[in-house]
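Chain by chain, the residues:
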Amino acid sequence: MTLRDLKPGEAGVVASIGTKGAMKRRIMDMGVTPGTQIRVIKVAPLGDPIEVNIRGYELSLRKEEADQILINK
Amino acid sequence: MSIKIALAGNPNCGKTTLFNELTGAKQHVGNWPGVTVDKKEGVYKGDKEVTILDLPGTYSLSPYSAEEIIARDYIVKEKPDVVINIVDGTSMERNLYLTLQIIETQIPMVVAVNMMDEVENRGDQIDCSHLSRLFGVPVVPITARSKKGVKELMNAAIDTAKKKLRPNRLNVFDQNISNAIAKVEEVLTDVQGEERTWRAIKLVEGDEIVAGTLSAAQKEKVDAIVAEAAKHADGDTEAKIADLRYIMIADIVKHAVKKKAKGHVETKSDRIDKILTNRVLALPIFAVIMYLMFSITFSETFLWVIPGPGVWLQTVVCDFWDGPLTDAIMGFLEGAGASEWALSLVGDGVLAGLGGVISFLPQILILFLLMSFLEDSGYMARVAFVMDKLFRKFGLSGKSFIPLLMGFGCSVPAMMATRTLESEKDRRMTLMITPFMSCGAKLPIYLMFAATLFPSGNRTLLLFSIYFLGMAVAVIAGIILSKTMFKGEPSNFIMELPQYRIPTLRSVLIHGWEKVKGFAIKAGTVIFASTVLIWFLSRFTFTLQYLPEEEMERSIIAQIGQALRFLFIPLGFGNDWRPVVGTITGFIAKENIVSTFGVLFHAAEGVADAAAEGSAAIPGVAEVFTPVTAYAYMAFNLLCMPCFAAVGAMKKELGSVKWTLKAAGFQMITAYVVALLINLIGSGITALF
Numbered sequence: 001m002t003l004r005d006l007k008p009g010e011a012g013v014v015a016s017i018g019t020k021g022a023m024k025r026r027i028m029d030m031g032v033t034p035g036t037q038i039r040v041i042k043v044a045p046l047g048d049p050i051e052v053n054i055r056g057y058e059l060s061l062r063k064e065e066a067d068q069i070l071i072n073k
Numbered sequence: 001m002s003i004k005i006a007l008a009g010n011p012n013c014g015k016t017t018l019f020n021e022l023t024g025a026k027q028h029v030g031n032w033p034g035v036t037v038d039k040k041e042g043v044y045k046g047d048k049e050v051t052i053l054d055l056p057g058t059y060s061l062s063p064y065s066a067e068e069i070i071a072r073d074y075i076v077k078e079k080p081d082v083v084i085n086i087v088d089g090t091s092m093e094r095n096l097y098l099t100l101q102i103i104e105t106q107i108p109m110v111v112a113v114n115m116m117d118e119v120e121n122r123g124d125q126i127d128c129s130h131l132s133r134l135f136g137v138p139v140v141p142i143t144a145r146s147k148k149g150v151k152e153l154m155n156a157a158i159d160t161a162k163k164k165l166r167p168n169r170l171n172v173f174d175q176n177i178s179n180a181i182a183k184v185e186e187v188l189t190d191v192q193g194e195e196r197t198w199r200a201i202k203l204v205e206g207d208e209i210v211a212g213t214l215s216a217a218q219k220e221k222v223d224a225i226v227a228e229a230a231k232h233a234d235g236d237t238e239a240k241i242a243d244l245r246y247i248m249i250a251d252i253v254k255h256a257v258k259k260k261a262k263g264h265v266e267t268k269s270d271r272i273d274k275i276l277t278n279r280v281l282a283l284p285i286f287a288v289i290m291y292l293m294f295s296i297t298f299s300e301t302f303l304w305v306i307p308g309p310g311v312w313l314q315t316v317v318c319d320f321w322d323g324p325l326t327d328a329i330m331g332f333l334e335g336a337g338a339s340e341w342a343l344s345l346v347g348d349g350v351l352a353g354l355g356g357v358i359s360f361l362p363q364i365l366i367l368f369l370l371m372s373f374l375e376d377s378g379y380m381a382r383v384a385f386v387m388d389k390l391f392r393k394f395g396l397s398g399k400s401f402i403p404l405l406m407g408f409g410c411s412v413p414a415m416m417a418t419r420t421l422e423s424e425k426d427r428r429m430t431l432m433i434t435p436f437m438s439c440g441a442k443l444p445i446y447l448m449f450a451a452t453l454f455p456s457g458n459r460t461l462l463l464f465s466i467y468f469l470g471m472a473v474a475v476i477a478g479i480i481l482s483k484t485m486f487k488g489e490p491s492n493f494i495m496e497l498p499q500y501r502i503p504t505l506r507s508v509l510i511h512g513w514e515k516v517k518g519f520a521i522k523a524g525t526v527i528f529a530s531t532v533l534i535w536f537l538s539r540f541t542f543t544l545q546y547l548p549e550e551e552m553e554r555s556i557i558a559q560i561g562q563a564l565r566f567l568f569i570p571l572g573f574g575n576d577w578r579p580v581v582g583t584i585t586g587f588i589a590k591e592n593i594v595s596t597f598g599v600l601f602h603a604a605e606g607v608a609d610a611a612a613e614g615s616a617a618i619p620g621v622a623e624v625f626t627p628v629t630a631y632a633y634m635a636f637n638l639l640c641m642p643c644f645a646a647v648g649a650m651k652k653e654l655g656s657v658k659w660t661l662k663a664a665g666f667q668m669i670t671a672y673v674v675a676l677l678i679n680l681i682g683s684g685i686t687a688l689f
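First to last, the protein sequences are chains E and V. First residue of the first sequence? That's 1 in my numbering, and the numbers climb one at a time after it. First residue of the second sequence? That's 1 in my numbering, and the numbers climb one at a time after it.
I should point out that these hints are in silico values taken from the structure, not numbers from a laboratory. Yeah, the Cβ is synthetic: ideal placement off N, Cα and C, and Gly gets one too. Certain hints may be false.
With a straight-line Cα cutoff of 25 Å, these simulated PhoX-like cross-link-like pairs (lysine-lysine) come out [stated by the list, open to error]: (1) Lys-487/V <-> Lys-63/E; (2) Lys-231/V <-> Lys-48/V; (3) Lys-63/E <-> Lys-483/V; (4) Lys-42/E <-> Lys-487/V; (5) Lys-77/V <-> Lys-20/E; (6) Lys-20/E <-> Lys-221/V; (7) Lys-63/E <-> Lys-162/V; (8) Lys-483/V <-> Lys-20/E; (9) Lys-393/V <-> Lys-24/E; (10) Lys-20/E <-> Lys-48/V; (11) Lys-20/E <-> Lys-63/E; (12) Lys-219/V <-> Lys-20/E; (13) Lys-42/E <-> Lys-393/V; (14) Lys-274/V <-> Lys-24/E.
Okay, the calculated beta carbon distance ranges per label pair [to be verified]: (15) Gly-21/E <-> Leu-283/V: 31 to 41 Å; (16) Arg-279/V <-> Asp-5/E: 41 to 51 Å; (17) Asp-5/E <-> Gly-235/V: 33 to 43 Å; (18) Lys-7/E <-> Lys-662/V: 43 to 53 Å; (19) Lys-259/V <-> Glu-10/E: 40 to 50 Å; (20) Asn-72/E <-> Thr-525/V: 35 to 45 Å; (21) Val-317/V <-> Ser-16/E: 52 to 62 Å; (22) Lys-7/E <-> Val-317/V: 49 to 59 Å; (23) Asp-5/E <-> Asn-278/V: 17 to 27 Å; (24) Met-290/V <-> Asp-5/E: 28 to 38 Å.
A short list of chain E residues far from chain V (calculated; beta carbon distances all over 12 Å) [claimed, not checked]: (25) Met-1; (26) Thr-2; (27) Ile-71; (28) Lys-73.
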């Protein structure tokens with residue numbers, strides 16, 4: 001499953017990042033690396049993007065980006 | 001001995017607060033060459049020999065955003081005497097990621113652990129001496145907002161710069177990556193020392209900019225080494241390195257940071273956020289905040305009772321400028337026996353030109369006091385979060401909403417508000433379409449035409465349709481631009497939602513002052529010079545004979561209008577030269593179109609003023625325009641290049657003449673195409689009935 005499949009309040013552990021290149025780099029730079037705990041906080045009022053908590057801070061990303069982050073629940 | 005200090009850190013780590021604290025209002029804000037990113041420099045208040053540069057906030061030194069390239073180029077190439085790396089004590093893990101990368105450059109550095117007040121309030125502890133031993137450089141706890149620890153930090157930084165104290169190299173990488181770095185170093189025979197190792201690390205990371213500096217032979221060898229290393233790193237050395245850095249950080253944090261509470265604790269910021277980005281309440285709250293912001297800056301009355309602060313202040317400033325000041329200067333010149341043209345030069349050229357610049361300052365100040373409050377409090381990031389889905393469809397960012405909305409008041413402060421957009425593409429695109437939002441100065445044009453050509457028509461409907469036209473064109477232009485001029489530019493929304501914090505008054509005031517000063521200097525010259533030029537063109541003949549205002553039809557500008565009017569025949573208003581001259585004088589300020597019509601159509605005194613409010617028609621205008629061509633003319637002036645003040649602001653924000661010309665050209669073409677369509681379709685419909 002991917003980060004996109006998690007509902008607000010649910011948590012999981014990052015398994016791997018599906019994409020390549022600049023986007024992968026940016027996702028990892030922000031601390032989303034394999035083995036890290038990640039928790040979905042909320043979805044924006046218009047349904048996208050989402051807000052997650054990782055490494056003790058709040059990060060927002062679009063659903064299409066969340067789709068690239070594979071999760072082990 | 002003079003010392004150069006650079007401040008580096010994540011966005012929202014309190015870097016700007018510290019910079020303001022260290023330099024006070026004595027700062028110089030410019031642009032980094034070729035990009036629209038602020039370059040802030042200042043002199044340390046405690047020692048004039050120490051200059052401080054505020055690098056753009058970045059999460060990393062990878063070369064994917066303009067900010068990151070600037071920050072790393074400065075550190076690696078300009079080599080400041082010391083880098084102060086500010087880390088947010090409440091979010092050590094993510095912040096130390098940049099720290100590790102700065103350590104890789106082996107530049108002398110000091111680490112400032114900021115927000116210690118919040119850390120202590122949470123009951124957490126950070127062992128700075130442990131970090132200091134590990135990094136081999138001073139690590140100083142500070143609270144920039146209350147100046148706590150700032151003096152100690154600066155002493156440590158100056159001391160580190162004098163000793164040229166380099167940080168320890170940390171054992172971040174595993175055997176495989178370390179071997180690859182060592183092998184790449186052997187290939188890089190043309191650079192020495194610290195820079196060689198740094199370049200080798202970057203090459204193993206797959207850094208394209210560093211790879212671009214290699215010779216073909218070197219590149220072949222490096223590619224082979226990296227490909228071999230990738231085989232033992234799950235196929236991706238770049239990801240592996242990011243991963244290894246975070247593994248190291250997790251280990252550091254385990255030893256140096258003691259959290260009181262295990263797991264996630266709800267902070268005050270979290271509770272505020274639950275309301276501000278609530279599914280139901282987010283949009284209404286946002287609408288109220290935007291309404292207040294617009295109303296405080298641009299409305300005549302604020303909350304229907306008291307005078308709007310922005311407009312009130314503007315009136316005070318303009319009344320003084322146009323009244324006592326102008327009277328005094330003109331009186332003095334008349335007394336000294338100045339000739340008629342000299343009086344006009346000073347009165348209608350110089351004083352009007354400077355007045356044009358000054359009239360914008362109050363609203364810029366007020367808007368930016370509000371903007372910097374929103375930005376520093378953390379709400380701006382939520383604006384992007386809430387609006388992103390809607391604006392992404394038009395190729396823009398959620399934060400574009402604020403400049404576009406402010407555009408209905410005045411394009412000048414609106415364009416300056418684009419600085420809060422993260423990506424350069426979003427900034428440029430927003431700058432190009434902001435003038436399509438019909439600003440306050442364009443309203444008199446519509447009112448004049450409403451009174452002159454649509455006396456029996458529904459005025460509200462007419463005004464609504466033209467405002468709507470502007471918005472529709474902005475949306476279409478956004479879609480077209482993102483698929484053409486800005487095609488393929490990466491867009492992502494992977495950003496931090498910072499903690500809500502109450503900004504310091506000092507930061508808000510410095511920011512407001514900076515914007516006013518920046519506009520007056522950067523845009524002021526463009527506005528002033530162009531105002532004087534138009535004055536000259538409208539008051540002189542080709543033989544340099546001076547003309548009184550009533551004889552504008554003999555002026556150079558009238559000849560230009562004659563020459564250019566053929567271009568506008570397809571748009572329906574090229575049969576007469578006067579509308580063309582109106583458009584040109586409109587570049588000084590759009591409402592000038594009405595007063596120019598008053599002069600050129602020889603309207604009786606006071607008629608043009610009444611026409612600007614929609615309460616009188618200018619005789620003769622109805623013979624030149626039909627309702628269709630009048631509408632085409634309104635649309636053209638709405639969409640074409642904005643006034644010189646806005647062009648000045650646009651140039652300041654775009655940071656380049658080339659881009660400014662591109663933007664103005666784009667607006668001109670858009671205006672032409674839309675006006676042409678209106679004329680063709682409108683004439684077609686009229687012919688049918």
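A quick look at each hint next to the structure:
1. Lys-487/V <-> Lys-63/E: Holds. Lys-487/V to Lys-63/E sits at ~22 Å (cutoff 25 Å).
2. Lys-231/V <-> Lys-48/V: 53 Å, violated
3. Lys-63/E <-> Lys-483/V: 22 Å, holds
4. Lys-42/E <-> Lys-487/V: 31 Å, violated
5. Lys-77/V <-> Lys-20/E: 29 Å, violated
6. Lys-20/E <-> Lys-221/V: 23 Å, holds
7. Lys-63/E <-> Lys-162/V: Cα-Cα ~49 Å, so violated.
8. Lys-483/V <-> Lys-20/E: 23 Å, holds
9. Lys-393/V <-> Lys-24/E: 23 Å, holds
10. Lys-20/E <-> Lys-48/V: 48 Å, violated
11. Lys-20/E <-> Lys-63/E: At roughly 17 Å apart (the allowed maximum being 25 Å), Lys-63/E and Lys-20/E satisfy the hint.
12. Lys-219/V <-> Lys-20/E: 21 Å, holds
13. Lys-42/E <-> Lys-393/V: 22 Å, holds
14. Lys-274/V <-> Lys-24/E: Violated - the C-alpha atoms of Lys-24/E and Lys-274/V are around 29 Å apart, more than 25 Å.
15. Gly-21/E <-> Leu-283/V: 31 to 41 Å: 35 Å, holds
16. Arg-279/V <-> Asp-5/E: 41 to 51 Å: Distance hint for Arg-279/V, Asp-5/E is violated at roughly 20 Å.
17. Asp-5/E <-> Gly-235/V: 33 to 43 Å: Violated: the Cβ-Cβ distance is about 25 Å, outside 33 to 43 Å.
18. Lys-7/E <-> Lys-662/V: 43 to 53 Å: Once the Cβ atoms are compared, 45 Å apart, the range 43 to 53 Å for Lys-662/V and Lys-7/E holds.
19. Lys-259/V <-> Glu-10/E: 40 to 50 Å: About 23 Å separates the Cβ atoms of Lys-259/V and Glu-10/E, which means 40 to 50 Å is violated.
20. Asn-72/E <-> Thr-525/V: 35 to 45 Å: 60 Å, violated
21. Val-317/V <-> Ser-16/E: 52 to 62 Å: 60 Å, holds
22. Lys-7/E <-> Val-317/V: 49 to 59 Å: 55 Å, holds
23. Asp-5/E <-> Asn-278/V: 17 to 27 Å: Given about 23 Å between the Cβ atoms, the range holds.
24. Met-290/V <-> Asp-5/E: 28 to 38 Å: At 34 Å between Cβs, range holds.
25. Met-1: 20 Å, holds
26. Thr-2: 15 Å, holds
27. Ile-71: 16 Å, holds
28. Lys-73: 17 Å, holds
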